[in-house]
Structures are given as C-alpha cells and as structure tokens.
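2 protein chains.
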Amino acid sequence: MNEFDLIGRYFAPLAGPEGQGLLDDAAHFSPTPGFDLVLTKDSMVEGVHFPNGEYGAGVAERLLRVNLSDLAAKAASPRGYLLSLAWPKQIDVARMADFAAGLKSAGEQFGIKLWGGDTVSIDGPAVFSATLIGECPEGMAVKRRGAMPGHDIWLTGFLGKGYFGLRAITESKGNSDIFYKPPPRLEIKSILRTFASASVDISDGFASDLSHVLKASHVSASVDIDKLNFPDELTQWLQSHAGDIRTLLSHGDDYEVIFTAHSEHRAGIESAASSLPFDVTRVGSCKLGEGLNLLKDGQPFELRKTGFSHF
Amino acid sequence: MNEFDLIGRYFAPLAGPEGQGLLDDAAHFSPTPGFDLVLTKDSMVEGVHFPNGEYGAGVAERLLRVNLSDLAAKAASPRGYLLSLAWPKQIDVARMADFAAGLKSAGEQFGIKLWGGDTVSIDGPAVFSATLIGECPEGMAVKRRGAMPGHDIWLTGFLGKGYFGLRAITESKGNSDIFYKPPPRLEIKSILRTFASASVDISDGFASDLSHVLKASHVSASVDIDKLNFPDELTQWLQSHAGDIRTLLSHGDDYEVIFTAHSEHRAGIESAASSLPFDVTRVGSCKLGEGLNLLKDGQPFELRKTGFSHF
Chain A
1 MNEFDLIGRY
11 FAPLAGPEGQ
21 GLLDDAAHFS
31 PTPGFDLVLT
41 KDSMVEGVHF
51 PNGEYGAGVA
61 ERLLRVNLSD
71 LAAKAASPRG
81 YLLSLAWPKQ
91 IDVARMADFA
101 AGLKSAGEQF
111 GIKLWGGDTV
121 SIDGPAVFSA
131 TLIGECPEGM
141 AVKRRGAMPG
151 HDIWLTGFLG
161 KGYFGLRAIT
171 ESKGNSDIFY
181 KPPPRLEIKS
191 ILRTFASASV
201 DISDGFASDL
211 SHVLKASHVS
221 ASVDIDKLNF
231 PDELTQWLQS
241 HAGDIRTLLS
251 HGDDYEVIFT
261 AHSEHRAGIE
271 SAASSLPFDV
281 TRVGSCKLGE
291 GLNLLKDGQP
301 FELRKTGFSH
311 F
Chain B
1 MNEFDLIGRY
11 FAPLAGPEGQ
21 GLLDDAAHFS
31 PTPGFDLVLT
41 KDSMVEGVHF
51 PNGEYGAGVA
61 ERLLRVNLSD
71 LAAKAASPRG
81 YLLSLAWPKQ
91 IDVARMADFA
101 AGLKSAGEQF
111 GIKLWGGDTV
121 SIDGPAVFSA
131 TLIGECPEGM
141 AVKRRGAMPG
151 HDIWLTGFLG
161 KGYFGLRAIT
171 ESKGNSDIFY
181 KPPPRLEIKS
191 ILRTFASASV
201 DISDGFASDL
211 SHVLKASHVS
221 ASVDIDKLNF
231 PDELTQWLQS
241 HAGDIRTLLS
251 HGDDYEVIFT
261 AHSEHRAGIE
271 SAASSLPFDV
281 TRVGSCKLGE
291 GLNLLKDGQP
301 FELRKTGFSH
311 F
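Going line by line, the protein sequences match chains A and B. No gaps in the numbering here: position 208 of the first sequence is 208 in my numbering, and each next residue is one more. No gaps in the numbering here: position 115 of the second sequence is 115 in my numbering, and each next residue is one more.
Hints are computed from structural coordinates only; laboratory data are not their basis. It cannot be assumed that every hint is accurate.
It does not matter which identical chain is used: a pair holds within one copy or between any two.
As the list claims (entries may be wrong) - Calculated lysine to any residue pairs in the SDA-like style (CA-CA distance at most 20 Å, straight line):
no., residue 1, residue 2
1, K296, L276
2, K287, E302
3, K113, G16
4, K215, I7
5, K104, S240
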C-alpha cells in the first residue's frame with residue numbers, strides 16, 4: 001500500500017468534518033463566536049518518550065492524552081487534532097492499525113477527531129507529533145503568569161504516575177496503563193475559569209513546573225510536601241523508600257494540574273471540587289520573592305534536581 | 001545549555017504574543033470574527049526531505065514555505081505557527097542558531113510568528129514538524145472538491161522547481177535556493193476567494209495533485225501540456241531532454257497552485273492576475289467522467305508514474 005492507501009484505510013475513518021476526509025491540503029474549522037483558541041503541540045520519539053518498537057495503541061493514547069493535559073491546564077475544551085507521523089521505513093502495517101485504534105479510543109473518550117496532518121517515512125526511530133486545538137471563552141484561558149503573593153497553590157489528583165508508569169513499562173512492574181493512559185484533568189476547567197490566577201500541567205516534574213509558574217508570576221512559594229497526595233500503593237512504597245519522595249517531586253509526566261487562586265476562593269474551590277472524579281488539594285501558598293521552598297515536618301527540604309531536560 | 005536555555009536563546013525571540021514568550025503550556029489566539037481557521041501540518045525528516053546534516057536556515061525556510069503553500073492553496077492568510085523539533089542527540093548549537101535564523105527570515109517575509117511547540121532529542125535523523133494556522137473569511141476557503149464539468153483549470157507560476165531544486169542540492173547543479181526557498185503563492189488568495197471552485201497546491205506532483213482534485217470533485221480533465229510554463233533554462237533543457245517532461249509532471253515539490261473556475265470568470269481571472277508577480281495560466285478544462293488526460297500536440301500523452309509515495 002502507498003501512503004494514500006494507508007491514510008485512507010487507517011486514518012480517514014478518524015477524521016471529523018474539519019478534516020475533509022483527509023483529502024485536502026488543510027483543515028477548516030469555524031471557531032465558536034466569543035471563544036479564544038488554545039493550541040498545543042507535543043511530540044514523542046521512539047526510544048526517548050516510549051520504548052523501542054512499542055509504537056501501537058498505547059503510544060497513540062498517550063500522545064493525545066499528554067496534549068489534552070496541556071489544554072486541561074489552560075481551561076480549554078478540546079476540539080480536534082492534527083498529526084505528523086514519521087514511521088520507520090520497514091513499516092509494520094499491523095502496528096499502524098493498532099496505533100489508529102488507540103487514536104480512535106482516545107478520540108471517542110475525549111470527543112475529538114482528526115483534522116489533518118501528514119504521514120512520512122524515517123530511516124530511524126518513529127516520531128509522532130500532535131497539535132491539539134481547544135477553545136476557551138474569550139479572555140478566560142489561564143496562563144502561567146498571574147499568581148500573586150498570598151494566593152493558594154492547588155494540585156489535582158496525585159503524584160507518582162510518571163515515575164511508576166515508567167517503571168511499569170521499563171521493568172514490567174505494574175500496569176502499563178499508568179504510563180500509556182494518564183488521565184488529562186479536563187474536568188478542572190470550570191474551577192480554573194472561575195477561580196484560578198495561574199496554572200500549569202505537570203510534564204517536566206512538580207517542582208520544575210511549579211517553578212515555571214513562580215518565575216512567570218514573579219513570586220516565590222512555600223509547599224508542604226506532607227500535603228501532597230500519592231496513591232495508596234505509593235504511600236506504602238514511600239514509607240520504605242523515604243528519600244525517594246525527591247524522585248517523585250522531580251520526575252516528569254505526572255500530567256496533573258497545579259493552579260493558584262486567591263485565598264478568598266478556598267470554599268468555592270472545595271465545593272466545586274467535591275463533584276470531581278479526583279481530589280483537588282491545597283498544598284502551599286505564594287509569597288513575595290523568588291524560588292520554591294519545600295517543607296517537610298515544617299523543615300526545609302532540598303531537591304537535588306528539579307526536572308527533566310532533553311539536552 | 002538545557003532545553004529551556006536553548007528555547008529561550010534561539011526560539012523565544014521569534015515568538016508572537018500568542019506564544020506567551022514560549023513560557024506557557026499552550027498558545028492563545030483570538031480568531032478574527034467572521035473568519036474560519038485553516039490549519040495545516042507537514043513535517044520534514046533528515047535524509048528523506050533534505051540531505052543528511054543540512055538542518056540549518058535553509059531547512060527552516062523550506063519548512064515554513066511548504067506549509068505556507070498549503071495555506072495559499074486554500075485562500076487563507078497566514079497568522080502563526082507551532083513547531084515540533086527533534087534534534088539529533090549530539091546537538092550542534094550553531095546549527096540550531098542557523099535554523100532559528102531561517103525561521104526569523106521566513107517569518108518576517110511572510111508576517112508570521114512562532115506560537116509554541118516543543119523541542120526534543122532523537123537518537124537518529126532530525127525531524128521537524130510545523131503546524132501553520134491561517135484565516136479565511138467565513139465559507140470562502142477553497143477545497144479540493146468543487147470542480148464541475150466545463151470549468152477551466154489554471155496553474156500559477158511554472159513547473160520544474162521541485163525537480164531542479166533537488167538536483168541543485170544533490171548534484172550541486174544550480175542555486176540551492178530553488179530547493180530551500182520555494183515561493184508560496186499567497187498572492188493568489190483574492191483570485192481564489194472570488195473565482196475558484198476547487199484548488200490544491202503541488203506537493204506530490206502536478207499530475208498527482210490535479211488528480212486529487214478530479215477525484216474529490218468527481219470530474220475528469222484534459223490538460224494541454226504545451227501550455228504548461230517552465231522557466232527559460234528549463235525550456236532549453238527540455239528541448240534536449242524531451243522525454244523528461246514526464247519527470248517534471250510527476251515530480252513533487254513544485255509548490256504552485258492548481259485551481260479550477262467557471263469559464264465565465266476567464267476575463268476576471270486574467271485581469272486580476274495581471275497585477276501578480278507570477279503568471280496564472282489556463283492549462284486545461286474539466287469534463288464529465290474520471291481520470292486525467294494529458295495531451296501534447298493534440299495527441300494523448302502517457303505518464304508512467306504520477307507522484308511520490310513514502311511507502
């Protein structure tokens with residue numbers, strides 16, 4: 001099959017009306033009047049972001065979910081996506097079909113369809129890039145800058161998925177869905193739109209991403225790490241590996257949302273959060289100055305490394 | 001330097017206000033009221049789309065121009081772009097700086113700024129993907145389907161850039177700008193919006209891309225290849241390599257626009273085209289049925305191969 005046949009067979013069935021059946025040069029989208037667009041683009045490289053040879057449904061799920069997490073952190077509602085897929089030359093058509101099945105599954109779960117993109121060959125590892133397009137009522141998208149001294153710091157869900165997800169796929173310890181299917185916290189959008197002064201999703205690591213907010217907002221923060229949530233099995237694990245909480249705080253890929261809000265909104269946030277399928281926990285507060293101060297049992301707690309860098 | 005330093009040094013200066021200084025999770029864009037969005041995404045792989053090791057300013061220029069050509073064919077005005085850049089692990093920072101210079105140059109020429117994206121490492125060839133966002137007045141973006149029997153077929157500029165551009169860089173014959181700086185025909189947009197029934201840009205090859213329009217529109221076409229324009233040096237070359245016109249008709253990467261229009265618009269198109277910096281030539285017409293019939297001196301002319309496929 002040539003690339004047109006492959007696109008027609010595996011990807012055209014995933015296309016929304018904006019994608020013109022993947023038979024046009026570009027996608028066409030009529031924005032909702034009164035809404036702003038929120039756009040994000042992230043890529044995954046075989047051997048860097050997922051194990052060699054594993055480019056099936058799981059990677060497709062993860063590719064969309066990771067980008068959806070960016071939209072979630074910006075309080076946007078996802079609308080659609082474009083893909084650039086570079087497949088190793090000796091293409092395994094069954095893998096491509098499996099990848100398409102992962103797109104279909106995630107697309108249906110999160111209500112997004114394929115709008116376009118391209119499919120090319122590479123003499124090397126697979127590289128998949130997705131552009132996600134979302135919308136947010138005009139002026140309501142939440143940015144990284146905007147936190148003020150005195151604002152509370154909140155965290156969705158729990159930490160540890162990134163670290164334990166990686167162990168699940170590299171050491172076959174635990175369920176690989178922890179890695180391949182991180183849940184984007186899209187349900188946080190109404191709280192963000194109503195209450196948040198700044199927000200970010202955790203892709204580089206809790207400490208690193210929170211530091212991005214602090215830097216952009218010109219504030220410092222104090223975070224009580226005893227308040228951070230970990231799932232039950234991690235809590236047990238931490239009790240026997242106490243030092244490794246540093247690993248969890250600096251490991252990337254947790255895909256939770258950190259946001260800040262004025263302290264007068266505490267009750268409003270707690271009330272709105274009570275109906276969500278995940279916890280929303282107040283973990284610290286912003287202060288004058290710069291830098292992130294972690295506290296454990298009221299004492300300063302130092303990290304050696306704050307996050308992941310490619311270079 | 002880590003990736004944040006590299007992004008800050010080379011790419012943040014290219015960011016528009018939509019890109020939030022490349023310090024946020026996503027880009028924010030307020031669409032122009034009454035306009036539709038047109039989105040395209042194309043990628044380039046080292047060793048497939050450009051020669052090994054040549055990932056500098058030229059490739060950046062070409063990456064944007066090739067995507068701009070898609071917007072041109074859809075009658076859209078470019079607004080901005082996102083990038084996913086996968087750089088070989090042993091990164092050459094001077095090359096990255098040169099790549100950024102190419103983005104700057106093309107961005108300034110075509111009035112677009114960087115909105116976001118990501119930068120990752122790869123143990124393999126460089127892979128660059130761009131998403132371009134354009135706008136077109138509501139309902140006026142031109143699609144591949146829409147050509148009707150009797151409609152004229154028009155072509156911008158001239159053919160041969162793709163083939164001769166590739167020779168320029170693989171055999172050092174001629175100016176490499178033919179390859180790296182194909183001019184996107186953005187000036188065609190007012191003619192397309194006013195007169196066109198269907199359009200496509202030539203990325204896979206004249207014959208292949210025109211066939212896409214015919215198939216989407218459920219029409220056939222007859223094209224007089226004696227009417228196709230080639231630059232003077234190619235016309236001379238063709239006189240001594242007559243058979244190779246097949247190569248030029250089936251070679252990709254010409255980045256001209258093919259469009260169709262009702263025959264009542266001939267005078268209007270010719271008048272509007274007279275002020276453009278390139279020719280707009282009527283090369284054939286659509287008919288009932290299916291398939292592309294090429295004629296030379298009034299006789300059928302067969303191609304062996306219609307375009308490029310990756311697989």
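To see whether the hints hold, each was checked on the structure:
1. K296 - L276: neither (28 Å within a copy, 69 Å between copies)
2. K287 - E302: For K287 and E302, the Cα distance is within 20 Å only inside one copy (18 Å; across copies 74 Å).
3. K113 - G16: within (5 Å within a copy, 28 Å between copies)
4. K215 - I7: between (43 Å within a copy, 16 Å between copies)
5. K104 - S240: Close neither inside one copy (41 Å) nor across copies (53 Å); limit 20 Å.
This entry does not satisfy hints 1 and 5, going by the numbered hints stated previously.
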